[in-house]
Amino acid sequence: MSKRNPMGDKVAIVGVGATAYGRRLDRSRLSLGLEAAKKAIRDAGLAKEDIDGIAGTGSGMFAVGEANFLALQEGLGIREITWCLNAEMTQGILHAAHAVFSGACETAVVVHAETRSPVLSASAQTEPLRVRAMEFQGAGVRPFGDYAQGWIHSGEPYAALAGRYLHEFGVPREVLGLIAINNRSNAVMNENAVLRTPITMDDYLSARMVRDPFGILDMDLPVDCGEAIVITTEERAQALPKKPVYIHAATFGEANRGTEYYENVGDYRAMSPWVAMAALWGKSDLTLDDIDIFFPYDGYTINAICFTEAAGYCQAGEAWDFFRENWDETSNRLKIGGKTLVTTNGGSLSHGRSSGFNYYTESVLQLRGEAGARQLAGCRATLIASGSLYHDPSVAILRTD
Amino acid sequence: MFTLLHRGREIPGVDYSGPHPIAAIELTEQKGLRYLATIVNCPNQDISIGMPVRLTWLDRAGVPSPAFVPILNTLNPG
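Chains as they are written, first to last, in my numbering: chain A, 1 to 401; chain B, 1 to 78.
Quick caveat, the hints were computed from the structure, so don't treat them as lab data. Treat the hints with caution; some may be incorrect.
Unchecked claim - Selected chain B positions facing chain A (Cβ under 7 Å, derived; list incomplete): (1) 8; (2) 36; (3) 49; (4) 51; (5) 55; (6) 57; (7) 64.
As the list claims (entries may be wrong) - If you only want the chain B side, here are some residues facing chain A, beta carbon under 10 Å, derived: (8) 2; (9) 17; (10) 37; (11) 48; (12) 62; (13) 65.
Glycine included, each C-beta is placed from N, C-alpha and C at the ideal position.
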């Protein structure tokens with residue numbers, strides 16, 4: 001596991017842009033991605049001519065139906081680029097940082113767009129336009145698993161793993177509920193969040209059960225949204241109007257889970273977050289005490305539990321005790337060590353699902369002091385732990401001077 | 001590990017109103033080798049992690065489908 005970190009603090013996020021989040025914006029992923037990209041480039045104080053790298057959304061070169069790099073380049077009217085990629089979840093951000101650091105490009109825009117797909121949303125299965133759009137979207141992004149038995153990514157394996165976690169460590173479902181409540185309490189302060197009604201533990205426990213032990217509040221909210229980030233070198237960042245946000249350390253992390261039906265793995269400690277977080281701390285001289293806001297992936301509540309434990313806030317299986325010891329009754333949310341907040345924008349559960357991209361946007365706003373009503377005073381460093389338990393972990397520490 | 005599905009993709013012969021259990025079954029013959037299938041002849045509230053089971057077959061719309069049934073404690077006192 002490499003502890004080298006030559007890129008540390010040498011690459012900066014200089015622009016962020018996001019569309020509205022909504023259950024029914026009825027726009028294409030490309031339309032959402034283009035709006036976010038334009039906003040991010042303008043936010044950076046740059047023009048399209050300054051962009052020479054583009055990361056779009058999806059799998060494969062063409063990524064049909066996605067906000068892919070070919071379509072983004074054409075839509076933005078950028079004549080020439082020297083680096084390009086389509087990526088899933090937040091991995092494009094780290095790939096783009098590597099590209100900027102290596103000299104593959106000077107300034108990259110990374111774009112992520114989602115629509116409420118029938119893959120994730122039962123209600124979308126009744127909307128002909130969304131079903132038709134899904135049929136055209138790129139091969140390789142279909143959910144996989146054992147269809148004949150109904151064990152399908154995503155959902156079933158995460159629910160079973162959560163059930164096994166509760167069984168193995170002898171803790172109640174409420175440990176998952178505290179994540180749902182924390183994120184909702186934060187979303188109340190985010191005017192762009194889709195779900196902003198405060199919830200109690202009774203609300204959590206009585207919510208409609210979907211995949212035991214997951215109720216509807218354990219699973220992220222499929223929405224239509226676009227997000228974009230502009231990344232450039234430390235030198236260029238310091239010449240731009242907005243305060244640079246440096247990528248202090250970042251890494252991927254994949255655990256070997258076997259090849260056949262890999263989601264059929266019950267060993268909680270064999271999941272990818274443990275690999276990613278160990279690698280991240282190996283690259284950083286900061287510690288958890290330096291982190292002002294923590295963003296553990298909340299596609300499902302169990303993901304946030306696993307990333308919290310893998311990050312080292314507590315040992316495996318101890319989140320139930322840890323959350324209760326660090327719960328702020330006044331604001332009905334986590335306040336770790338009396339200071340560190342968790343997922344201040346409401347995350348995927350309440351702001352809306354952007355596969356973790358919105359942690360970056362929120363981090364940048366908080367680190368610049370532009371987060372408005374939910375601004376954490378003196379925010380200097382954030383820890384973003386994005387990714388599934390099974391695939392695509394991409395973790396990062398962002399900081400300002 | 002297992003989950004109880006209150007809804008899911010349409011599969012012939014699968015009724016989610018139960019809800020429908022689906023479990024990862026580890027073979028006693030080979031530790032670490034697991035098979036995904038439903039559990040039958042067992043109330044959902046009695047399904048537990050570590051419960052001994054054996055193979056059986058269901059007829060799902062004319063297609064044979066593997067499933068597992070609990071082994072009664074009297075047959076497996078260990």
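These are the hints, each one checked on the structure:
1. 8: Holds, because the Cβ-Cβ distance from residue 8 of chain B to chain A comes to roughly 5 Å (cut-off 7 Å).
2. 36: holds, 5 Å
3. 49: holds, 5 Å
4. 51: violated, 11 Å
5. 55: Because about 14 Å separates residue 55 of chain B from the closest Cβ in chain A, which is outside the 7 Å limit, the hint is violated.
6. 57: Result: violated, 13 Å to nearest chain A Cβ.
7. 64: Given a least distance of 11 Å, the restraint on residue 64 of chain B is violated.
8. 2: The hint holds - residue 2 of chain B has a Cβ within 10 Å of chain A, the shortest such distance being about 6 Å.
9. 17: violated, 12 Å
10. 37: It holds, given that the least Cβ distance between residue 37 of chain B and chain A is near 6 Å, below 10 Å.
11. 48: Hint holds; residue 48 of chain B Cβ to chain A Cβ min 8 Å, cut 10 Å.
12. 62: violated, 14 Å
13. 65: Cβ of residue 65 of chain B sits 7 Å from chain A, so the hint holds.
Checked against the numbered hints given earlier, this structure breaks hints 4, 5, 6, 7, 9, 12; the rest are met.
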